[in-house]
Amino acid sequence: MDALNIGGTVGEQLRAQGVSRRGFMKFCATTASLMALSPALVPRIAEALAGAKRPSVIWLPFQECTGCTESLTRSHAPTLESLIFGAISLDYHETLQAAAGHDAEAARNRAMEANWGEYFLAVDGSIPLGNKGYSTIGGVSNVDLLKRVAQGAKAIVAIGTCASFGGLPKASPNPTGAVAVRDLIKDKPIINVSGCPPLPMAITGVLAQVLTFGQLPELDHLGRPKAFYGQTIHDRCYRRPFYERGQFAESFDDEGAKQGWCLYKLGCKGPVTYNACPTMKWNLGASFPIESGHGCIGCSEPDFWDWQGVYRPLSTTRWGGYQTLGAAAAVGVAAGAVAALAARRKQRPVGEDEA
Amino acid sequence: MSILEFARGPAFQVALVVFAFGVCWRLAGIFLMYRRFDRSQPRQHALIAGGVRAIVMRSLPPHELEKKIVFQHVSGYAWHLAYFASLLFFAPHIPFFKQFLGFGWPTLSNTVALLSGAVALAILLALLWRRASHAVLRQISTLDDYLSIVLSILPLLTGFMTYARILPLGLRYENMLGLHLLSICALLVWFPFGKLMHLFLAFPARFQAGVLLKRKGVEA
Amino acid sequence: MSATTAHLDSLRSAAAALGGRVGLSRNTDAERLDKARAVMLGELDGSHAAYLETCLHCGMCAEACHFYLGTNEAKYTPIWKVEPLKKVYQRELGPMRWLRRMLTRDITLAELEAWQPLVYDSCTECGRCDLMCPMGIQISPMIGIMRRALAAADLLPAELAGAVDEQKQQGSVLGAGRDQLLALARDSAAAGVPVPLDLPAADVVLLTSALDVKAFPDSLRATARILNKLKLHWTLLSHSIDLLGSGESLRELHVRRIVEEIVRRGAKTLLLPECGHAYPALRFDSAHMIGEPLPFVVYSIAEFVGQEIQDGRLKVNREPGGGSVTYHDPCKIGRHGGVFEEPRAAIRALGLELKEMESHGRTNYCCGGGGGQFLIARAAQLRQRAFEIKMREVDDTGAAKVLTACNSCRFNYQAGAAEANWHKPIESLVEHVAANLAD
Amino acid sequence: MSTDARARLAAIAIVAETPPAPSVGADSGNVPLLLGEIRHALERLLATGAVHAIDLRAIPLGPGEEDRLLEALGTGELCATFDALGRSELQECRYPGVWRITHWNAADELIGRFIEVTFAPALLASNREDIRDGLERLSAELSG
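Chains as they are written, first to last, in this note's numbering: chain A, 1098 to 1452; chain B, 21 to 240; chain C, 8 to 446; chain D, 54 to 197.
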């Protein structure tokens, strides 16, 4: 990987690889599809891409499980190879790069210097604030590294729910004091590509969008690109007609489940989860959780892990259990009894009256 | 913490504790109070049966009385039935009850459940208007009456808005669902302190009346 | 007609004179308020608590009340008439009284004064609202508490205060005392209907009322004729002519004295005259007042006569001429006492065609003047509004006359009819029975 | 793994359940809508020459619905394939003017599927730049 060789446009890069114009148009069509843009926009994308500079991307992993990178490498369009060799210049990725140790650090520093103010920073994983030693790279704590690299970044792409919202490490009781990128960096544009992991197409799609139009995509209330997070799972779910008709699976093996009815009662969080799974789907477009018979767990939402359980329907609540209620009731009865007994002293019992 | 999480978590827990405590407090305070024991010779016996009968018969006033209150009677029946139909038989509500009871039950189709909710909502609004405009009702109404109607309307209203995704003020679905749950919390918190307690008190009061009237030999 | 108006006028002037006797209260406002509150707290029990806690403010009780229906004035809504009682309950006895005290103000004497016309002028404690309430709330007994509380605060309307005063000072009611009763008994005996008075021992004891003595002596004579015919060992008590609902303690005092007199005579049966207000008091409330079940049975005379006819002990002839009648169920023995069937059995035995009013039996409309209301001069117009409802229902039956078993009702009918120039006879059921006794 | 353990594993009864036929309405209902859209696009194509494209990945489709749609569109006379960054197929459908365009990547994974309503997909035509390149190559060969 040559960090310094980031010159040239995407079009030139692809041509240099021997990709024909027809191949380039195909690339543009699938990229448009990826960005959830209308096919009618393909010519504009082609024009933009042909002249787009390859941006440098530095990828920092913090408290993460590599699931997001795994997801990215499963991305099938554009292929990761085309991303790395054609569309973007991925100059530092702890997991993917061949270089290790000081060489890797050096590559990152070179990329930062060469593209100061122009590179994109991709982050996966949350950042522990509880103890800086919880997660370090080359002896540098996550928070210090993030702040340093973020300084020269044009924009930050927080990949996965951990980087976007704190994710699993932040789940109650949050032992490491994990926070999201947006909790630490306030002065740079941040694109949250949440999900646990995010849809591979969402990762590449966002990168492609940034690259194509040279500007940040439109973001929702949580800083997520609307193209992918504009609607809820429920909004686009093919099982939604069952919800509207009130047809629900009651267990995972009942007739309703076999008929493919709505999984709301089995804890599906689709109605409050913003993501593109129902249309983009997973595993090369094979399916998505609901299509496979399991409710959405809400993985692209903040604090989803603390949503009172994957299988508790949305219309349930914490309620303390019968012990708490019983105690409240018992105290209530006691209070009422005291009130009644005190009242008895003001009331006149039988036979006792004024002279 | 989002509105929805707050509503599903601490808000609901607190509301339920206030509800349980308040209801028991009020019921115990009423029923442990000193009561006179009627030693008179009953004209008719089977006083308990008379009480039970009153519980039923007070829903069906005699013709001469009924014809004066047709509107109140019909609207009262209609909104209560419609309200409970949408509360108890709207499918997404079942898991809510199931978490307490451990079992669920068959549901109405969404169309029917929503329609009955709409009926309840329309009647409640009409009754609110009537309370504010009818001379007798204005005379005897208290803050409790208005508050209780409004707090009964809010879950219906927010429920509809949630289902139909009518989301004003830039609210999103999950906010509206949270508000729906919060409106139920508000209802639960207010419940023990106002007239909504008639859910628990109506039958005892009717029973008392039935026993008293049975003793006198008058059909309740 | 002239006879009727004559005794009406004499009663009216007696009542008006009573009002003049009442002076200003000797107690301070604070004392009066305290006394009223003490009565309320003393009488309110768990059953009232359940009623007051359950009220939904639905307003349906208004639709049962002849005063509201006759005027359409919201203040006559029955439950509104116990508002001060409700306040005292909520602030003093209710389980949430601590909260209530923070949020509400205490009642004032001015408030009680304002409620005087509501509980005396515009309520006859007829109990129709008690039947209407969808929650089963028994409002009229709570009006009773309100009245006794107001009485304790020296807030009885002048006429009623005068009557109580008269009974306390002179032992008579509206000028009808023991002397008048003795004279009536003498006259009756002279006319061939002996009235055994104050016998030291008897099986059956009969009470009478001031109204009978003053205005409807025929009713008493008819009763005597029937009791004689049945060859009962009976006596009329002259000690207690009336039970005035003038305050809890006085009422209890009366009841205790009557019970003592009856027990002393070894009587097993107490008969009450064609008079309303004594019935619920002696039949149902007295056991509580004396703290134990009564050692005798209490009947209204209409109830007793009807039973005797039903059981075949009393034979009556079909009334010559027959004709159609309607029966007015007096609130106190009907809705408050459960006496519905016996008077109708008597009417059927007399061969009269019974044409029921639309509201009859337990839903019967009050005559408009019960509960002492008919004594209150300023309430005359209100009384008439309520009576108009009654007139309409009577006219709708097409019956030739009205029979009833309460002389208060009769009195009020006559007054109302005179006022409205309405010519529908209202007659005593017992007198009809007595006039047609068979051998 | 011992033979014993194998035997015990084999003893676990495995029943393969055939899922029941989906009940009526067990889909998104989008197939008829898409067919309707295609019909309108064809009408417009004839009237004005306007080209229309549908990205099937942007449409929520239930299990089997895409197959049903493609089945409904059928296969027409012409089919063209090319290989650039992976295979691509341009298939005319049963209804002339409707084209099914499918892209695979170099690893032969499906990366996009479109329906185009057009006289001929733009991808069929040779591109000017490519022609120029080709011309240069041909010239070089002829001169070489």
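A hint or two may mislead.
Using C-beta positions, here's what the derived DEER-type ranges look like [stated by the list, open to error]:
1) C:E363 - B:F57: 35 to 41 Å
2) D:R59 - A:D1350: 41 to 47 Å
3) B:P62 - C:R271: 23 to 29 Å
I should point out that these hints are in silico values taken from the structure, not numbers from a laboratory. Quick reminder that beta carbons are idealized off the backbone N, C-alpha and C, glycines included.
Here is how each hint holds up against the structure:
| no. | hint | verdict |
| --- | --- | --- |
| 1 | C:E363 - B:F57: 35 to 41 Å | holds (37 Å) |
| 2 | D:R59 - A:D1350: 41 to 47 Å | violated (28 Å) |
| 3 | B:P62 - C:R271: 23 to 29 Å | holds (26 Å) |
Against the hints set out earlier in the document, a violation occurs for number 2 only.
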